[in-house]
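Go ahead and model the full structure; you've got the sequences and the hints to work with.
Take a look at the letters that make up each chain.
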Amino acid sequence: MPRPRALENVRVVDFSWVRAGPWATRWLGALGAEVIKIEWPESERGRLPSTTTPQHLEVNLNTSGNFADTNVNKKSLSLNVRSVKGLEIVKRLIAVSDIVIENFSSRVLRNWGLDYDELCRIKPDIVYVSMSGYGHTGRNHHYTTFGPVAQAVSGLTYLSGLPDTPPAGWGWSYMDDTGGMYGAMCALTGLYHRNVTGQGQHIDLSQMVSSVPLNGPALLDYSVNRRGSRRAGFPPGNRAHWPGTPLVNNYRGPTVAPHNAYRTHPGEYNDWCVIVCHVDEEWQRLVQVMGAPLWATLEKFATVAGRLRHQEELDRHIEAWSMTLGKYQLTERCQAAGVRALPVQSAEDRVEHDPQLRYRQMYLAIEHPALGSHKAQNAPFELSETPASNHLPAPLIGQHTREIVEDLLGYSREELRAGFADGTFWPTTRARLSYMEEMLQ
Amino acid sequence: MSETLPGPLAGLRVLELVDEKGRFCGKLLGDLGADVVKVEPPGGEPSRHVGPFFDDIPDPERSLSFWYYNTSKRGITLNLETADGRELFGRLAATSDVILETLRPGVLTSLGLDYATLCEQNPRLILCSLTPFGQTGPWRDFLSSDLLHMAAGGEMASCGYDEADVPNAPPIAPGGGNAWHMGCHYAYLAIMAALVHRTVSGQGQYIDVSIHEACALTTESAIANYVYRGEVLRRQTGRHHAAGPTPRTQFRAKDGTYVCALVGGRLNPRFVKELAELLDSYGMAGDLKDPKYQDQAVITANAPHIINDLVANFIASLPAEEVYHAAQERGFTWGAVRAPEALLDDPHLHDRGFWKQVEHEELGRSFVYPGEAAIYNGSPWRISRRAPLIGEHNAEIFCGELGLSRGELSVLAESRVI
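Protein chains in written order, with the working numbering: chain X, 1449 to 1889; chain F, 980 to 1397.
Derived from the structure by calculation, the hints contain no laboratory data. Warning: the hint list may mix true and false statements.
Stated by the list, open to error - Far from chain X, by Cβ distances over 10 Å, these chain F residues were calculated:
{"#": "1", "residue": "T1061"}
{"#": "2", "residue": "R1065"}
{"#": "3", "residue": "S1137"}
{"#": "4", "residue": "C1138"}
{"#": "5", "residue": "P1149"}
{"#": "6", "residue": "T1198"}
{"#": "7", "residue": "L1388"}
As the list claims (entries may be wrong) - Short derived list, chain F residues pointing at chain X, Cβ under 7 Å:
{"#": "8", "residue": "T1096"}
{"#": "9", "residue": "Q1100"}
{"#": "10", "residue": "N1101"}
{"#": "11", "residue": "G1139"}
{"#": "12", "residue": "A1172"}
{"#": "13", "residue": "G1181"}
{"#": "14", "residue": "A1195"}
{"#": "15", "residue": "A1201"}
{"#": "16", "residue": "V1206"}
{"#": "17", "residue": "A1276"}
{"#": "18", "residue": "A1318"}
To be verified - Pairwise CB distance ranges, derived in the manner of DEER restraints:
{"#": "19", "chain 1": "X", "residue 1": "T1772", "chain 2": "F", "residue 2": "T1115", "range": "29 to 37 Å"}
{"#": "20", "chain 1": "F", "residue 1": "P985", "chain 2": "X", "residue 2": "R1587", "range": "24 to 32 Å"}
{"#": "21", "chain 1": "X", "residue 1": "H1713", "chain 2": "F", "residue 2": "P1270", "range": "54 to 62 Å"}
{"#": "22", "chain 1": "X", "residue 1": "E1863", "chain 2": "F", "residue 2": "R1083", "range": "30 to 38 Å"}
{"#": "23", "chain 1": "F", "residue 1": "G1332", "chain 2": "X", "residue 2": "S1882", "range": "51 to 59 Å"}
{"#": "24", "chain 1": "X", "residue 1": "D1855", "chain 2": "F", "residue 2": "E1338", "range": "19 to 27 Å"}
{"#": "25", "chain 1": "F", "residue 1": "G1310", "chain 2": "X", "residue 2": "V1532", "range": "26 to 34 Å"}
Since the model is a prediction, treat every value here as computed from it, not as a measurement. Each residue gets a CB set at the ideal place from its N, CA and C atoms; glycine is no exception.
Dropping the structure here:
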């Protein structure tokens, strides 16, 4: 007997697009909610443009690999919400749903006539999560974000890089991933509160604002100690402290050395390992792993203060050794001896070479009607009684329109046909896709 | 009115048995209204010894990192290596909704405090183990740190520099302890899913969260690029990893700070027309108002000129904050690259009531703390108290709630149980 899912019988109206919103609803789906993605091909952002379509396939609305991974466990209703009829249908859907979630800019839903008050009239205990760039209140609510902009404005970008160089920042939209997490967290917190109290609410999430609490210790260092982050030796690259600069904590754990990335054999682009010794005992174990070379037994490296003082020399010596080993080999040797070390892993490394992720079945293949069988990312948690899973491939656009309109909302086949004919379910100017013709039979 | 409403998690009791890996999750729960009881070893949890410290005076009660990540919690001390300590923990577990723990896999079982045992007296209990690699697998017992997770999780492989900016640069791990944040976000999500399920089923459950997997999930399209196209992405300064080079997005402003200006990939006639208007409002449009730029082919051919000359010169002529606001007011998704302390003066955050005064009564001071990611309009987020002092609530909880006498409390303290 299949085990129940945590969010069994929870229905989500998902207006989200691009990345942060869809990453939120991906998890609601994995946990068992019925996630209904409202889409419209003329104003679609998430499927296209696609830079992740397999080389042998045509780039179209149904072939983005990144969309496929981001939108597992959802159904798709194609609907022109900007039409009178479309709005009526979406209201009927909201009336039988638990959560409404969207990541438009701050006034879009209100302009459609779907502000929180109206949502409440339709479904009094609705949990409404808005995931806008700057939130629905505050003077800059009309500003817009993508991940990199939220990261820049909030201070996250600044905390990444080498000193005296431009910020390295984050090499992707970290705040689309993390903004998505907050979207899902808000939705479940609101749902829990509703289940306990019977009260719904509007939860006003902001991608920019949600980035700020991730800089907590740096912010307190300023608000309490008046020490700002524009200072010598900050950010300290991968180190805890940059040599030759004032000795202060840089918000990445204890101030220790070694604490760095080192090249490994054979020295290709991602052949790097990180090694950290938190206490002298760990350093002594690393000395043994390195074969107790003479330099490493010198008194000046025996204490954390000495290793910080001679960090440049220390790192040069360690790298001369690390270059003789492959990154996985180095990891195994260090960890077997109780030394903190792990390889820098590319996406290929994680999918193909990481023994832990393989053992934990992090990437399992799922069959998609347009893309074929590909690995999808699984949940990083196991719930003993209600496991999360990827049980549905990402939907083709409008794939579940008939199922939702007829089976869930009770419209007739005639009404479905009429809606396709008048441009409610698909633009009349666009050729219908083959599965749409089938649903009209 | 909302000032007086309880938070969405009011009424929940959480026991937190964590180090630096899990305390953010406890904060997320506590700030939303849960009664989070932090269980520390006698003398305090080791992360109290990590700086920076208040006025740079090292002291377990002055760690700003500890302060930040432990708001809205009460604190007790308990030595779980003693039978008395375990017995008291068991009694607390019997009345708790959630236990969050970050001990090494197997330790809870060796203490006789595993889920099966705790669940016997409290079937509604949710026990979440948040560990570096989860409870199973070949790396289960590996040691880790924030930097190690950023390496193995894939963050570092995506962050760094263009060769032209920093030759031979290493992959870079962004700072700030974000591996712990990633793990805590997923742990929070899993706990909330279990709590929602419990409102329906009445049953608790056990949750095994892996920080490594949480980090491995947090590199946007990197996995899809590999799975669907076999691509391994390259690192670029201040912008997205990519299979091949993309135009820069980070420009130096007049004040020496930077602006994140998304231009490349958006260069169509409409965007260029609006860009020309923005630049022209400062007399910096150069030749961009020339009607030839309404032709896509001309735009594409001149993209390096538009980005590297016109946009770069425009930004170089103004302070970063001015570029940010002028561009956003005209609909450009651009932003200033700010140091965190600049946020303290952000009017938008003030409008949202973001900054909170937190009373440190033992110091006779109050300090400004960051506030909420999201405004819960029906059940507000709040910092209910500063981080607990070591054993601050021992009497309140052991005597007030478990019914121990003051005499018994003294005995427990003398025998290093608390």
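Evaluated hints:
1. T1061: holds (25 Å)
2. R1065: With a cut-off of 10 Å, F/R1065 remains clear of chain X, as the shortest Cβ separation is near 23 Å.
3. S1137: violated (3 Å)
4. C1138: The claim breaks: F/C1138 does not keep its Cβ more than 10 Å from every Cβ of chain X (closest is about 4 Å).
5. P1149: violated (5 Å)
6. T1198: violated (6 Å)
7. L1388: holds (33 Å)
8. T1096: violated (15 Å)
9. Q1100: violated (18 Å)
10. N1101: At 15 Å from the nearest chain X Cβ, F/N1101 fails the 7 Å test, so the hint is violated.
11. G1139: holds (6 Å)
12. A1172: holds (4 Å)
13. G1181: Check failed: Cβ of F/G1181 comes no nearer than 11 Å to chain X, outside 7 Å.
14. A1195: holds (5 Å)
15. A1201: Holds, about 4 Å.
16. V1206: holds (5 Å)
17. A1276: Hint violated; F/A1276 Cβ to chain X Cβ min 19 Å, cut 7 Å.
18. A1318: Given a least distance of 4 Å, the restraint on F/A1318 holds.
19. X/T1772 with F/T1115: 29 to 37 Å: holds (32 Å)
20. F/P985 with X/R1587: 24 to 32 Å: At roughly 29 Å between Cβ atoms, X/R1587 and F/P985 fall inside 24 to 32 Å, so the hint holds.
21. X/H1713 with F/P1270: 54 to 62 Å: holds (58 Å)
22. X/E1863 with F/R1083: 30 to 38 Å: violated (60 Å)
23. F/G1332 with X/S1882: 51 to 59 Å: Holds: the Cβ-Cβ distance is about 53 Å, inside 51 to 59 Å.
24. X/D1855 with F/E1338: 19 to 27 Å: violated (56 Å)
25. F/G1310 with X/V1532: 26 to 34 Å: holds (28 Å)
When each numbered hint is compared with the structure, violations occur for hints 3, 4, 5, 6, 8, 9, 10, 13, 17, 22, 24.
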